[in-house]
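Counting along the sequence shown from 1, when you hit position 209 you're at 209 in this note's numbering, and nothing is skipped either side.
Bear in mind the hints are in silico, worked out from the structure with no lab data behind them.
Take these hints with a grain of salt, some might be off.
[What the hints assert, rightly or not] The list that follows gives simulated cross-link-like pairs (lysine-lysine, DSS-like), each with its CA atoms no further than 27 Å apart:
| # | residue 1 | residue 2 |
| --- | --- | --- |
| 1 | Lys204 | Lys100 |
| 2 | Lys41 | Lys204 |
| 3 | Lys180 | Lys204 |
[Unchecked claim] Cβ pair distances, simulated, as ranges:
| # | residue 1 | residue 2 | range |
| --- | --- | --- | --- |
| 4 | Arg174 | Gln151 | 23 to 29 Å |
| 5 | Pro195 | Asp120 | 34 to 40 Å |
| 6 | Gly147 | Arg174 | 35 to 41 Å |
| 7 | Val217 | Ser182 | 17 to 23 Å |
| 8 | Thr153 | Ala213 | 33 to 39 Å |
| 9 | Arg97 | Ile181 | 38 to 44 Å |
| 10 | Cys39 | Asp186 | 16 to 22 Å |
| 11 | Val160 | Lys100 | 17 to 23 Å |
| 12 | Ile206 | Lys94 | 44 to 50 Å |
| 13 | Pro123 | Tyr178 | 33 to 39 Å |
| 14 | Thr190 | Ala87 | 26 to 32 Å |
| 15 | Ser208 | Gly147 | 33 to 39 Å |
Note that the coordinates shown come from a computational prediction; the quantities given were computed from them, not determined experimentally.
C-beta: ideal position from N, C-alpha, C; glycine also.
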Amino acid sequence: MSNRPAELPIVSQTTSSQRLSSASSPKILGKCSLIALGCPKNLVDGERILGLLRDAGWELTTDPDRADVVIVNTCGFLRSAREESFAVIEEMLKLKRKGKIRGVIVAGCLVERDREAILDRFPEVDQLVNVFARDEITEAAERIHNGLMEQRTVFQPASVIPLDDRRRLRVTPRPLAYLKISEGCDRLCTFCTIPHIRGRHVSKPIESVVEEARELVA
1 MSNRPAELPI
11 VSQTTSSQRL
21 SSASSPKILG
31 KCSLIALGCP
41 KNLVDGERIL
51 GLLRDAGWEL
61 TTDPDRADVV
71 IVNTCGFLRS
81 AREESFAVIE
91 EMLKLKRKGK
101 IRGVIVAGCL
111 VERDREAILD
121 RFPEVDQLVN
131 VFARDEITEA
141 AERIHNGLME
151 QRTVFQPASV
161 IPLDDRRRLR
171 VTPRPLAYLK
181 ISEGCDRLCT
191 FCTIPHIRGR
201 HVSKPIESVV
211 EEARELVA
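Model the full structure from these sequences, guided by the hints.
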């Protein structure tokens with residue numbers, strides 16, 4: 001696994017004080033590892049996914065080799081980013097073939113853009129979760145944990161309001177944190193896929209932005 005770029009497992013940036021285990025939950029479902037690729041928007045999505053997993057009772061690990069379920073939160077913007085996402089998916093599926101992990105969930109922008117390509121290229125992927133179904137990823141992980149291994153795709157249409165990014169597990173070192181105030185883009189440029197991946201532009205209510213900022217500095 002030495003050829004994996006160091007920046008990929010975003011939970012490896014987490015400080016020890018953030019405690020990757022789910023101390024607040026009465027049960028531990030299993031171990032889960034998240035690999036996030038791409039831009040700061042994807043990093044925020046990854047932090048939200050980590051928070052959801054923590055709250056659902058998953059123990060989080062920085063090492064995919066030690067996980068039961070691995071989530072690859074992909075980038076689908078540039079060709080190089082898509083190829084990197086494909087390479088990481090293949091690497092995680094190798095772990096599954098060796099029996100080191102139980103399942104692989106592919107999420108994020110590449111799912112939004114190239115769902116059929118992923119299904120054709122990687123039939124062993126257990127679950128596909130698009131950008132706007134992000135908050136359902138814990139259910140997808142629990143299905144793998146419970147032995148429900150049939151391949152599923154979980155899709156939600158673009159929302160008219162931004163997704164709730166509160167209760168994140170922040171992985172950036174203090175004092176740095178990303179605060180997403182809007183999502184999507186209305187400028188349908190022929191050379192850009194962002195509106196097709198992230199939807200039309202929507203802004204968070206100012207009250208939500210302030211509340212999230214307070215959480216991040218707490």
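Next item on the list: Find the hints from earlier in the document that the structure breaks and name them by number, from lowest to highest.
Entry: 1, 4, 5 and 11
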